[in-house]
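**Q** Order-wise, the sequence lines are chains E and U.
No gaps in the numbering here: position 28 of the first sequence is 30 in the numbering used here, and each next residue is one more.
No gaps in the numbering here: position 42 of the second sequence is 44 in the numbering used here, and each next residue is one more.
Rather than coming from a laboratory, the hints here were simulated on the basis of the structure.
Built from N, CA and C at the ideal position, the CB exists for glycine as well.
One thing to keep in mind: the hints can contain errors.
Claimed, not checked - Keeping only pairs whose Cα atoms sit at most 30 Å apart, straight-line, the calculated DSBU-like set for lysine-lysine is: (1) Lys107(U) x Lys46(E); (2) Lys28(U) x Lys46(E); (3) Lys28(U) x Lys58(U); (4) Lys85(E) x Lys46(E); (5) Lys46(E) x Lys58(U).
What the hints assert, rightly or not - Chain U regions said to be covered by chain E (calculated; three or more residues, Cβ under 8 Å): (6) 18 to 32; (7) 44 to 56; (8) 102 to 108.
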Amino acid sequence: EAGVAQSPRYKIIEKRQSVAFWCNPISGHATLYWYQQILGQGPKLLIQFQNNGVVDDSQLPKDRFSAERLKGVDSTLKIQPAKLEDSAVYLCASSFPIRGKYPEAFFGQGTRLTVV
Amino acid sequence: SQQGEEDPQALSIQEGENATMNCSYKTSINNLQWYRQNSGRGLVHLILIRSNEREKHSGRLRVTLDTSKKSSSLLITASRAADTASYFCATDWSGGGADGLTFGKGTHLIIQP
Chain E
3 EAGVAQSPRY KIIEKRQSVA FWCNPISGHA TLYWYQQILG QGPKLLIQFQ
53 NNGVVDDSQL PKDRFSAERL KGVDSTLKIQ PAKLEDSAVY LCASSFPIRG
103 KYPEAFFGQG TRLTVV
Chain U
3 SQQGEEDPQA LSIQEGENAT MNCSYKTSIN NLQWYRQNSG RGLVHLILIR
53 SNEREKHSGR LRVTLDTSKK SSSLLITASR AADTASYFCA TDWSGGGADG
103 LTFGKGTHLI IQP
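Put together the whole structure using the sequences plus the hints.
**A** This is the structure in structure tokens:
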């Protein structure tokens, strides 16, 4: 079974530039998550999609971050403009759609973003 | 803010010894999960324990859950060099409509050969 695919693996940008990350979840997984993991900390949920609808974006900094999941499959996360504190690994994860019964999340390798 | 706190933050043991790490959380939960993260394989699910369970085993892993104390422990028996990684507990809040996981800060485990 193919895992969660993310690209790019690494990205270096200057502050105030924009950047986009792409995620392709495991086939059949209706639920997709984006997490931000700052060095030395655990992942923090940014946004959760169920199919192409947003379930939870309470921790997404909406003034600069946006995400979409067109057609309920692939997803993109965008940062515009980037700040130094956005330097982190951005993790995409997917899971089965049945809440509470199959909550295990499968994670991609992540995109390491460095803002200079 | 992060839900859980793992303890200790770092742990170094000899290969073959047992490793125990603890997790505390703040709100009522549906499930508690443990994940492992290393540079080679990213974040990988290890084991899940439901809020109505007290103990669970999977291979060399043993997880306990005490919902009255809002705490969990992960025991890795007969540790191997390949167990060197960061370990995170993650919970999903039972009172929320979504089931996104809330992670702790992690325990960094080093297995000395």
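**Q** Looking back at the numbered hints, which does the structure fail to meet, lowest number first?
**A** Hint 6 contradicted; others consistent.
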